[in-house]
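*Asks:* Guided by the hints, dock chain B onto chain A, whose structure is given.
These protein sequences, in sequence, are chains A and B. Quick note, the first sequence lines up with residues -17 to 241 if you use my numbering. Quick note, the second sequence lines up with residues 452 to 694 if you use my numbering.
Hints may contain errors.
Simulated crosslink set (DSSO-like; lysine-lysine; CA at most 30 Å straight-line) [to be verified]:
| id | chain 1 | residue 1 | chain 2 | residue 2 |
| --- | --- | --- | --- | --- |
| 1 | A | K66 | B | K688 |
| 2 | A | K7 | A | K66 |
| 3 | A | K7 | B | K688 |
Keep in mind that the hints were calculated from the coordinates and are not lab data. Quick caveat, the model's predicted, so the values are computed rather than measured.
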Amino acid sequence: MTIVTAVVLVVAALLTAFRVPASAKGRGRPIVVCGVLTVLAFLLVVPPVYAALDRVIPGENAVDPLTKILLFGGMFILADQLAKGLGSPRLVRLVSGLPGRVALALAAVLVVTFFLLADVPVSSPQLAVANDDPFVALYTATSLVYFSYLCVLLVVAVARSFGPPPVGASARELRADRLDRLGRQLMMAGFVLVPVRLVLTPLTFLRPETYDAVQVLPVSTLALVVVGLWLVRLARRTADGEVRDVSFAGLLARVRRDR
Amino acid sequence: MAVDAREFRRWAESVGLPSAVATLARTLDVSRATLQAQFVRGRVAEQTVVTAARAAGTGPVAALSAFSDFAGLADRVTLPTVAELLSQTTYIDVSMEVVARIAGPLGEVGDRYPEPPLPTLDGVRSWFNAVDDGELRRRVSEAAGIVPQGLSTSLTDNKLRPQLAVLAADLAGVSAASGLVVTGLVTPEEGGWPAHARRGALAGLGELELIEHMTERSRHAARIVGRAVEEQARVQKFRDTLG
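Okay, chain B solo, but in the shape it has when bound:
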């Protein structure tokens, strides 16, 4: 799934990007073969649109709105909700907040742990769950005409196709670009998230909420690290036995 190649050519022309594939590939610093293949297939990947928008100096979200598949996207961008922001924090972010509350501003130490880049570990599913009213999986898969199992698998892989991400955000009634932010297609700033919004959301929590959030995120991190350790031990054992 991607945007129509003819639309892409029209849009590229309108923002002053070169139309020849070779020149365009050089301008975007992407592989020529990849770009050529996308044109031949008639579908250009959203990632290419985002890269092209950045090269042209326009906002990626506004650029995507120019395509029929994402029509009106930029108009539906609002501020992210606190739940969304919190879903993209880790136990490390929460710990930093706790220390900051006790010890005062962290200064240099705080800079050493900036807000994690997106997508964060299991962040796509965390976001989906944060905006889910309990019926979102069913509603998204029905509206997109896919099987719910496919959506769940995708979330487990920490992935969500841009169109599904926008659809999920729209159905959940949150900012339309949020799904694109958490999947890492656009940066938080490009997606209309204020700078340091996640830190701000943590700072705004009362102590009880902070502790509860920390518990939740710690459990989440423990699951991820536990699985990684287990997986590594499994692989190691296999190789040690047979290698």
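With the rest of the complex left out, here is chain A:
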């Protein structure tokens, strides 16, 4: 499990780093920020890192709510960018408009409140050691509810974005379309796992031994979304430089190639 997590984190970090040059020119900056926040959040809960930081930062386990807030930020940015990319004003409103910001603020306040109420005496990433404490359960559930809220919205929006392949597209555009499509499918698969994790929370509460197994889900989500985003990037690069001919005669000449 730790090896898988490490690989996923390294890949996520690398793919984020690859985006830095373009972001310096102003392209895809939010996605880079999202990548940094998310990788950092996942990195901080790796036990040795967590233990080391917990000694430095005042307040037992104060690192954990910090990771939650970082992840909130990362997920908020990703959802906002996806909503904007999909061109859905309603989704943008629910993610980063007034309702979306209220949800974020509420989640953040509740997470901090439950953390303070939980009072876990020993250093433990994700407060896993006190998993059967009701406030820890609420603490975990609150963040999952917020993530699930965003992910359910995203799953629906992404699922709606699949149309037929472009009419009269060139071979290169079709290749880009396939990459893009696969990317969206992977992201969707990743988002679906988040509400699944939420539904499994009572299980980890009642049967703490299942906790480790369930932790596979967030890492899978990270892996799927990271690869999915990368495929979208590949799609853009594949389609780039292609003369975009949407003239009627152009479409007409290419219609036969579709079949």
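*Replies:* Same frame as chain A, now just chain B:
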């Protein structure tokens, strides 16, 4: 849906095509695996029959008539109606006709825009609508035992299975091969459409009819180009934001 593989073997033998799959695939210049799969499934695609007929030097429509699913097809081939021909023209064809009427024969310029190859953009649905008496969708889906929604989806995708295309043409009372022509399975000539029939149909229109047809086709083209532009902008925005 396709024709029976045993019938295909019998027919292939009768027109002198090799019976071994490998040789046949080479003769037809199709993938051996595809052909093999069709034989294993026991159904050979109509497209294969058409390719084989061309290789054997017989007319595809006559070849299809040899199969029980398309029995008597060649006997029901008549001249296409003007409405059918017009449904397969674009606003560019109409514009050429307008210019030709004013400026005289276009010569070389006209050759640069030949009649569009079939299927044309949204041409299958255009044809279906042109032969539709208002009840054709229902009648075709009832006769074929499919849901009307499936037929509409297929038309939206600019597709129509050969058997449905023939069925629709028969029910609409037009030439049985017309549906195969507009879906691009057979060429207009193979389907019994006279050479340059579409240009001829345009040339035969009175000015008012021509203007009305141009309006209709322009609106049609605007819808297609508009959708393509919109779709492209949508995709571009998605990739620019996340890529």
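*Asks:* For every hint, state whether the structure bears it out.
*Replies:* Status of the hints after comparison with the structure:
The hinted pair formed by A/K66 and B/K688 meets the criterion: a straight-line CA distance of about 8 Å does not exceed 30 Å. Among the hinted pairs, A/K7 with A/K66 is consistent with the structure: their alpha-carbon atoms are about 20 Å apart, no more than 30 Å. Our distance criterion of 30 Å between C-alpha atoms is met by A/K7 and B/K688, whose separation comes to about 17 Å.
Figure legend: structure checked against the earlier numbered hints; every hint is met.
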